[in-house]
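*Asks:* Using the sequences and the hints, build the whole thing.
These protein sequence lines are chains Y and W, in that order. Residue numbers for the first sequence, in my numbering: 1 to 265. Residue numbers for the second sequence, in my numbering: 1001 to 1266.
Hints are all accurate, no fakes.
Short derived list, chain W residues pointing at chain Y, Cβ under 7 Å:
#	residue
1	Met1038
2	Ala1041
3	Tyr1052
Calculated directly from the structure, the hints in this document are not laboratory data. Note that the Cβ used here is the ideal one computed from N, Cα and C, for glycine as well.
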Amino acid sequence: MNVRVLVKYWRTILIVAEMNIRQQMTDGFILFTVLFQPIIIALLGLWMLKDKGVDAAMFVVVGSGLTGLWSSLLFISGGSINAERWSGTLESLVAVPTPFEVIVFGKNLANVIQSLVSMVLGYFIAVWVFGYSLTIQQPLLFFHSVILSVIAFISFGLIIAPVFVMNPGVRAWQNAMEFPVYVLCGFLFPVALLPGWTTPVSYLLPPYWAAVALHGTSTGGATVNETLFAWGMMALFSLIDLLIASRLFKIMLYKARADATLGME
Amino acid sequence: MKTFTNNLRLFWQGALLSYVALFHWMRPIQYAASKILMPLAQMFFFVYLGTYATSADNRSFYIVGNALQIAAVSGIYGMTMSIGGDRDNGTLGYIFGTPANRLVVFMGRAFMNIMDGALGVVIAFFWGVVLMGLDLSNTNIGALALIILITTISTCGLGLLMGCLALITVNVMFVNNFVYFMLLIFSGANIPLADLPAWIRAISYALPLTRGITAARSLVGGASLAEIAPLLWGELGVGLAYFVLGYFLFTVFEVVAKRRGTLEVF
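*Replies:* Here it is as structure tokens:
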């Protein structure tokens, strides 16, 4: 999938995202993953870091939102194709003229947007419950960081979904993949605390660069150059992810058609 | 005697089969990942967060708390899915249709999850010692094993209650996840109980894990079994209370579901 396809089908993406949000509002598991879990982590983090001041509070608000983004990507976006399979709608979606990856892109967009709500709720918890006066230090840079993070997360999700479909064994590792990314990407504490050998692994994860940009711009702890570098890395990873996803979707759909296993687990 | 033998067989078969069924979708390597990698990652996350929040000197506080918290993985998720899974898989009607002793069926569901949960905590402590530098040189290991067992039993008691709720709600995973994550706050695994407001502390002491974690921390700090015995009795009492409540609800739901014809209605 290339950027041209996304531009061409932007209305489809938005409609898929809207439908997905409406549908997911009644699913307890999804609501917990995108809203309640990040809020509980925010409460926990704010309580644990209450002696560290305002910057730490902002770090927790943004970091807990990022945990929601990653968990929704892992559990919901990762299962977005299988969810259609279970509903019996996968064949219809594959058969329509709109490229299938565009539809999954829209579904991922919905998940990511929903998760961002948890960041806003975390902010209000920090302000109302803990009495912090939180201000985003670089609002314009933060806004752009959010946009790029959304794209980076969605693109990463486009790889996860077909991988999980083609390798059911990998999907069973989902539970074990949640917290390592929280740790390696420095969502709630700096990765500098981790052993040095883990740092290159962090650099390879798009959520890490999202965390760098969002934490840096919200607390004012990053220079403009550092933020621009993080943006560049997110853009680079997004492009690479989209290219890989495009190939994976082709392989997945060809295999499913050739083996006649589209609707089967 | 024959009844006893039958019940024993029912207990063991029920324990074994429900446990096999619970993990039928996993391969051994994936099961190992869920027992080894997941607890390790969760512990790392909270231990790093805790030491970042306070200081590295408090490492053992977070390691012990989060190692015991792993009991809730089997205690809450495992137990709920063992019981609620019967409804999802359409086998609940058969269970209610048999003359089998309900208490034995109920306890059979819990047994393997208790063993599995205790194993998970032992693995977590192993990681704590090997990778995070937890010092158990002053610890009575036998007493620690007792704490692990009792805490796992009490957590499974809460899990049984949750499992009963799974019989009447479709949002089982929401309830499970909510309880599991709230335990991270309320059990004192990550926040000292003294720092919590009184009303939260009151809830904490009505939940499993709280006393077990406090006892384990005291034991690792050099306390004797006699000193922590009251906490262990309290932990056991809380767990048994949840078991009794869970069993009571199980029997009530059975009667109500049969009367209303809603046994497998979602």
